[in-house]
Amino acid sequence: MSVQLLDHIGVVVRDMTYTLRQYKQVLGLTATHTESYGDGLLEIAFLPVGPASAFGRTKIELLQPLRPGSSAWNFLHEYGEGVEHLAFLVG
154 MSVQLLDHIG VVVRDMTYTL RQYKQVLGLT ATHTESYGDG LLEIAFLPVG PASAFGRTKI
214 ELLQPLRPGS SAWNFLHEYG EGVEHLAFLV G
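Our numbering puts the first residue of the sequence shown at 154, with every later residue one more than the last.
Since the hints were made in silico from the structure, they are not lab data.
Here a beta-carbon is modelled for each residue, glycine too, at the ideal position from N, C-alpha and C.
What you were told as hints is all true, and nothing was included just to trick you.
Across the chosen pairs, the derived CB separations fall in these ranges: (1) His230 x Gln175: 20 to 26 Å; (2) Pro221 x Val179: 26 to 32 Å; (3) Ser155 x Ser189: 30 to 36 Å; (4) Met154 x Gly203: 20 to 26 Å; (5) Ala207 x Gln175: 27 to 33 Å; (6) Glu231 x Gly193: 19 to 25 Å; (7) Gly244 x Arg174: 35 to 41 Å; (8) Gly203 x Gln175: 15 to 21 Å; (9) Gln157 x Glu231: 28 to 34 Å; (10) His230 x Gly181: 27 to 33 Å; (11) Val243 x Pro204: 18 to 24 Å.
Using the sequences provided together with the hints, build the complete structure.
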């Protein structure tokens, strides 16, 4: 088994609207998918980064916790905004 792709980088944020605007203005990145997760626990947005490969394309996953009950909420209140996880595609 080996790493095929860094699938996504999970970044916890306080304000999704502000962060999406900043990522677009500063990095030129635009969300291709947004969703509410866990019955309103989180707002999530995916921003593709770099070229696609045979295994897919690396993404930045922005996570805005909306209420207690998620690891993102715990992370935000313990550490503030920042990288919470990395997800690899292995095969």
